[in-house]
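**Student:** Protein chains in written order, with this note's numbering: chain A, 1 to 302; chain B, 1001 to 1337.
If you're looking for bench data, these hints aren't it; they were derived computationally from the structure.
None of the hints are false.
Covered, in the sense of this in silico footprint (three residues per stretch, anywhere, with C-beta under 8 Å from a C-beta of chain A), are these stretches of chain B:
| hint | stretch |
| --- | --- |
| 1 | 1077-1087 |
| 2 | 1090-1104 |
| 3 | 1137-1150 |
| 4 | 1173-1184 |
Some but not every residue of chain A turned toward chain B, in silico, with C-beta under 10 Å:
| hint | residue |
| --- | --- |
| 5 | Gly20 |
| 6 | Tyr24 |
| 7 | Val27 |
| 8 | Arg28 |
| 9 | Pro29 |
| 10 | Arg31 |
| 11 | Ser37 |
| 12 | Leu38 |
| 13 | Ser52 |
| 14 | Phe119 |
| 15 | Val122 |
| 16 | Pro129 |
Bear in mind that the values here come from a model prediction, so they are computed numbers and not experimental data.
From the three backbone atoms N, C-alpha and C, an ideal C-beta is built for every residue, glycine too.
In case you want the letters, here they are:
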Amino acid sequence: MSTETGTVTGSDTSRIHNIGYRSYDGVRPGRAYARRSLFSQSLRGSFGLGRSAKSKVLPMLLCGVMCMVALILVAVAMATPNMTKLPIEYTAFAIYLQAVIGLFIASQAPQSVSRDLRFKSVPLYFSRPIERLDYVIAKLAAMASALLILTGLPLVILYVGALLAKFDFAEQTKGFGQGMVSVALLSVLFAGLGLVVAALTPRRGFGVAAVIAVLTITYGAVSTVQAIAWETGSTGAITWLGLFSPITLVDGVQTAFLGASSAFPGGEGPGAAAGVAYLIVVLALVAGSYAVLMRRYRKVGL
Amino acid sequence: MIATESLSKRFPRVTALDRLSLDIGPGVTGLVGSNGAGKSTLIKILLGLSPATEGRAAVLGLDVATEGAAIRERVGYMPEHDCLPPDVSATEFVVHMARMSGLPPTAARERTADTLRHVGLYEERYRPIGGYSTGMKQRVKLAQALVHDPQLVLLDEPTNGLDPVGRDEMLGLIRRIHTDFGISVLVTSHLLGELERTCDHVVVIDGGSLLRSSSTSDFTQITTTLAVEVTDSDDHPDGTDAVRRALTGAGVKLVGLDGLDAAGLPGAGHILLVEATGEETYDLVRDSVAGLGLGLIRMEQRRHHIAEVFRTEEAPQAAVAATAGAGEQKGSGRDEH
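So here's chain B without its partners, still in its complex pose:
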């Protein structure tokens, strides 16, 4: 989808991109970097709007330097900043943008109605944009990027300014752009946790050069760590400890007791981290807990979090227990099954 080769962009006083070589395939790709890392500059170059100082870049196999117009016909762009006039309705605005993308009038109307529905705007689309919430405005911005059915969309900080619920909805929508609509996505963010949930592939840039590029599953490989939490009973006042002894006795390797360094958190010290070697471990945990007459509150898989890329670059495998523990602190709600 996108390929760059030692792409550099230098302004008189700053180097925005420094010999960046990327190869991004179809799917949802996250572009992570702190503010000023060169994300927006890269998007500008990819749209063929700003010439690179050196190096080459191609989008959908089209060269950005010579075939910018053809690229822009096949690519959608959602800017980071506010870009909607308040005095027109979402429908009118998106129809106009569809026509600016080169869609004939009837197709523009049809596609606008479709796209607005897909991004989750229904009756309110006939009202002026000025009265919309931030979440609705983000949807309109997304709709105008999708309305001409591009092969690739570039989304610049789509979750900016959204509350947690809106953020989740937007991330879900981004995921659907690829899975349901079949459109590849390049999404920028400075929040790694967000991209972990939506992206197939994550590219981390810093100071205009590539820090790391690999698939999300590499970043957050599904670990064989299980988190187990049980109730206490009269027979076993400390259920967690009883289970731990039972499991150790059965030869299961315990990775650690979670939350030891998070004493202030509720539930600290009550989650067992167990290394699962296969299906039988799940059975064993279930049987042991049942055998002890305890209630199983949860048994779930733990994953690594992308945030670790910044900390454990050299030895990602070294401290599984430590990082998994850290991951738990960062967001216990993020675990996936």
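Looking at chain A on its own, in the form it has when it is part of the complex:
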């Protein structure tokens, strides 16, 4: 593309390249493309791709842990004779490994949104075709997708392992499907909550701590109170207490609708009626996260 204006004097090595300003007349795919770019950049960033080697360590490690556990479960299932199904249900996997998922969202949500806020790069986005809506949607979708990869990949490993172990195909497929729906719900919910907390705490370190706090403190509180309720015999309360922390919400929904057995004390998960309440709360939280993010970015625009 460079125009050669110099004459070749003597040898071929002495050329003068005049690479002055070149204007761009190529295609400009515009806003939808920019949104997709932001999505893929954020998604890759969640696993440290396109970032420094140091920032790849934690997300890759967490992803590795998730897959490793799945592989071990598959190995156990294959090595143990007379097993007709996997050692755990598909839906239970994410609940058991919630700490890993929590660490992932806590480390990645702040890096996804806090940097732009803290270093005031947000106005640069909004002075381009991309709009507030595009930014929020792209960031939410990227975080949810990253979580879905983190939680879905081990389920795929379990499923493939189960099929290789020649477990009942129909049963396994049904369980896998239910598991995927459940982790999809979990991903969207956690992504929303994680990004909201991160966006409200622009200092990255605080963001990490805040996300962990929101996830673990609520879970700790809920499960403690649930345990007390179980001890005192008020089993009805256990069901409703589950509404107050993200992971128990997911647990409740999948117990009610996705054939999971609840991790609540005594397995006192919600029935269909209470399950509707769980579902409504989950959807409200997701919608609320979106609304809070939109509000947050209205302020920090140009």
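Starting from the known structure of chain A, arrange chain B on it as the hints suggest.
**Tutor:** Chain B alone, transformed into the frame defined by chain A:
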């Protein structure tokens, strides 16, 4: 390029813009105003990010109220504040911003390399931005505004925080954006002297309304005033006075002796201001000086300075000598030939 018609922006407690009507053509346009004059508010409205309370505005012929997205695709913006993440390299950052402007990946890479080179960032562009000097950061900010080859760039205080050398380089770069790249520029500043050197047209706003809008050559019309400085010799212990008498004798009108009211400055009282009527005046000065056997230290054209707009609004022609003298005090290094 930009046209506004009785554009107003009122916030609950302040009026940021008050019935501002502007018509800005291609080229480099300076937007001058003190802090809080409404410069940033105007830029926000022009980018279609903030609705005007009343009035209309169009950028590149596109209405800001309805076609904001189309405007933002064709316009670049460099904010006043710091906006760069320290942990990525300039290349990575500008590529990302290029893609956010809607450039395909390969084009984004190519244009980033080109643009960074044009703003004067070479090997350092692969290092994290955190280690850059203020001048380099300003260049990166400029690069991200230019990377998608816009038709117009809005630069908000691009020389903020730069040392005099960096300031000069940035101003030169801004000039090149128009002359070499063919991109029109709207640049804000609160320093008139800067804009005088770079802009074709200057708009002065104050308190949200238009104070003055005219081309820089109107502001600083090339005066016919010549500044002459000579050496002394044994025959003429006061060379300046000798030349003055010789020139007066030849019928040349002397505008004044420069620097009379700046006695503390070196060279005060030794610069003659001569009104030139044409080429022959230059010859006459040369011949007179040579005839007297003196050395000619300098002979240069004086220009008005934009700063005078604030002082001599009503009668810009009235006190040429006085204003030219004032201009000399403000910055003798700024004279152009």
